[in-house]
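Taking this note's numbering as reference, the numbering of the sequence shown is continuous, increasing by one, and the terminal residue is 259.
Take the hints with a grain of salt, since some may be wrong.
Here are the computed lysine-lysine pairs in the DSS-like style, where the Cα-Cα straight-line distance is at most 27 Å [unchecked claim]: (1) Lys94 <-> Lys139; (2) Lys103 <-> Lys155; (3) Lys174 <-> Lys151; (4) Lys138 <-> Lys155; (5) Lys138 <-> Lys151; (6) Lys155 <-> Lys182; (7) Lys174 <-> Lys138; (8) Lys174 <-> Lys139; (9) Lys182 <-> Lys103.
Simulated from the structure, these hints should not be mistaken for lab results.
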Amino acid sequence: MTESYIPDACARAVATALLDTGCVAARTDEPFRLPSGWASPVYIDCRRLISFPQVRRDFIAKGLQLLRDRKVVPGVASVAGGEASGIALAAWMAEALDLPLQYVRKKQAGQSRIVGVLKPGDKVLLVDDMMAAGQSKVGFCKALTAAGAKVEDLFVIFNYGAFPPHPALEALNVRVHALATWHDVLAVARERGDLNPRALEELAEFLEDPARWSRDHGGIGAMGAER
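Let the hints inform the model, and build the full structure from the sequences given.
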């Protein structure tokens with residue numbers, strides 16, 4: 033599947049920009065250990081995007097177009113960013129939509145994890161920079177729901193597109209919208225030679241069976257995905 037996969041124009045442009053801005057890192061010796069317990073040969077750091085104004089404007093425009101195409105925007109009353117990496121992205125998206133902004137703390141501080149004014153019953157779009165399995169997104173969604181918000185959609189720049197969603201995130205029925213995945217990055221990197229041949233081979237092997245790759249490299253796998 034990874035050999036024949038062809039990204040659409042939007043995903044190709046996003047993957048290209050992520051590579052060009054140095055957001056993509058690959059290892060062939062020691063895997064990356066993600067907070068969720070998964071092991072991966074690649075890592076994405078979308079936090080770098082705050083330093084590239086043209087790229088971040090383009091990503092926000094592409095994200096809004098994706099959300100409009102999927103009929104997400106109508107009814108959205110505010111935009112909430114996940115601490116910390118999602119705050120800037122949420123602010124730019126809220127500004128473009130002329131909507132109120134909140135952000136969700138990772139941990140309780142005072143009486144609420146929500147910073148900003150949130151009206152009970154409002155439909156809130158949750159925004160973060162990336163998602164692997166979605167464990168942290170579960171906490172953000174639950175905090176917003178506890179404050180009275182309706183959370184139906186999550187927007188991220190990048191979704192690993194490899195690991196099964198956290199069971200609790202699936203149970204919340206939150207739809208995930210992303211501009212690109214590792215499949216897109218692999219396709220572009222193959223064409224342009226952004227990664228060395230060994231790294232490309234390792235990424236392709238990982239995407240063929242992420243659970244097995246993770247398990248074989250000391251992370252959780254299919255048997256440990258409940259973590």
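Results of checking the hints against the structure:
| no. | hint | in the structure |
| --- | --- | --- |
| 1 | Lys94 <-> Lys139 | violated (31 Å) |
| 2 | Lys103 <-> Lys155 | holds (13 Å) |
| 3 | Lys174 <-> Lys151 | holds (16 Å) |
| 4 | Lys138 <-> Lys155 | holds (20 Å) |
| 5 | Lys138 <-> Lys151 | holds (20 Å) |
| 6 | Lys155 <-> Lys182 | holds (5 Å) |
| 7 | Lys174 <-> Lys138 | holds (11 Å) |
| 8 | Lys174 <-> Lys139 | holds (12 Å) |
| 9 | Lys182 <-> Lys103 | holds (16 Å) |
When held up to the earlier numbered hints, the structure conflicts with hint 1 and nothing else.
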